[in-house]
Amino acid sequence: MEATANNYFTYKYPTGFALSGGFIKGFAHLGVMQALLEHGIRPDVLSGVSAGALAGVFYADGNEPHDVLRFFAGHTFQDLTKLVIPKVGLFELDEFIDFLRTNLKAKRLEQLKTPLIVTATDLDHGRLVHFHKGDIAERVAASCCMPVLFAPVCIDGTNYVDGGVLMNLPVSIIRRICEKVVAINVSPLLAPKYKMNIVSIALRSYNFMFRSNTFPEREKADLLIEPTNLADYSNRELEKAEEIFMHGYETTQETIARLLEENGSLWKTEEK
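Each residue of the sequence shown is one higher than the one before, starting from 1 at the first, in the UniProt record's numbering.
Each hint should be verified, as a subset may be incorrect.
Lysine-lysine pairs mimicking DSS-like chemistry, simulated, CA-CA at most 27 Å apart [claimed, not checked]:
(1) 180 <-> 12
(2) 113 <-> 195
(3) 268 <-> 180
Ranges between beta-carbon positions, derived for each pair [claimed, not checked]:
(4) 219 <-> 158: 28 to 38 Å
(5) 236 <-> 269: 35 to 45 Å
(6) 102 <-> 242: 18 to 28 Å
(7) 232 <-> 14: 31 to 41 Å
(8) 156 <-> 260: 46 to 56 Å
(9) 197 <-> 176: 42 to 52 Å
The hints are simulated quantities; they were obtained by calculation from the structure and are not laboratory data. Built from N, CA and C at the ideal position, the CB exists for glycine as well.
Please work from the sequences and hints to get the whole structure.
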């Protein structure tokens, strides 16, 4: 079993970014990061779950946030997945793994320019695993592997699914090793209108449970950015990546302006 973040790193980083899950909404992470960089806030370490791990790995590999969009330009959801006879999932992520291996310069987590901790759920043993070394593509795919939609990703004989099942906003993974933690939550718990049928009720309930584990994590951050205008995007709308990016960028600029006006600082001042 790989070591967790807390016993792997023995010194503090000035600033860490914790990036939530959110599927297609994960492109907003890149917009948020772009705005933060423009204000001089740069991560020294990253903690990512699901879509946050995906956004984080491209940044950690040496790309500026706005440049990451070009890797996905022209691709569709179908390009990155393979529909299968549903035994353990509707789609397999082999194409997604190939996409990552083709477009990332680093092949292993420990080779990234900025340290990245990828969180996934160990489906076999019912626990969180925080990857800090090993094959990048497999581990990011495991973290992104939404149950039922995707077949679990098997690594060294263990089956993994989306880290967001148990921790959809991985602040505590880096809290003890960072002076400041910025939490970017692109999947805040919202309650929009829904259809009164069994499928809609089931999906709504599932999403509520999935996102509710972010509440204690939000409180541990020194700065919280939460785009709240992403709920209407379908998880297959890869062609809207730039539009989603801009929502994250604009939300961050608005949040920074509001905090500076109200508090004179971006950072929480109360004790953690």
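Going down the list of hints, with the structure as the test:
For the suggested pair residue 180 and residue 12, the alpha carbons sit about 10 Å apart, so the restraint of at most 27 Å is met. A C-alpha spacing of about 46 Å is found between residue 113 and residue 195, which places the hinted pair above 27 Å, so the restraint is violated. With a C-alpha separation of about 10 Å, the suggested pair residue 268 and residue 180 falls inside the 27 Å cut-off, and the hint holds. In this structure the hint that residue 219 and residue 158 lie 28 to 38 Å apart at CB holds, the actual value being about 31 Å.
Checked against the hint of 35 to 45 Å, the C-beta distance between residue 236 and residue 269 comes to roughly 42 Å, which is consistent with it. For residue 102 and residue 242, the Cβ-Cβ distance of about 21 Å falls inside the hinted range of 18 to 28 Å, so the restraint holds. Taken as a hint, the range 31 to 41 Å holds for the pair residue 232 and residue 14, whose Cβ atoms sit roughly 37 Å apart. Between residue 156 and residue 260, the C-beta spacing of about 47 Å keeps the proposed range 46 to 56 Å intact.
A C-beta distance of roughly 45 Å is found between residue 197 and residue 176, which places it inside the suggested range of 42 to 52 Å.
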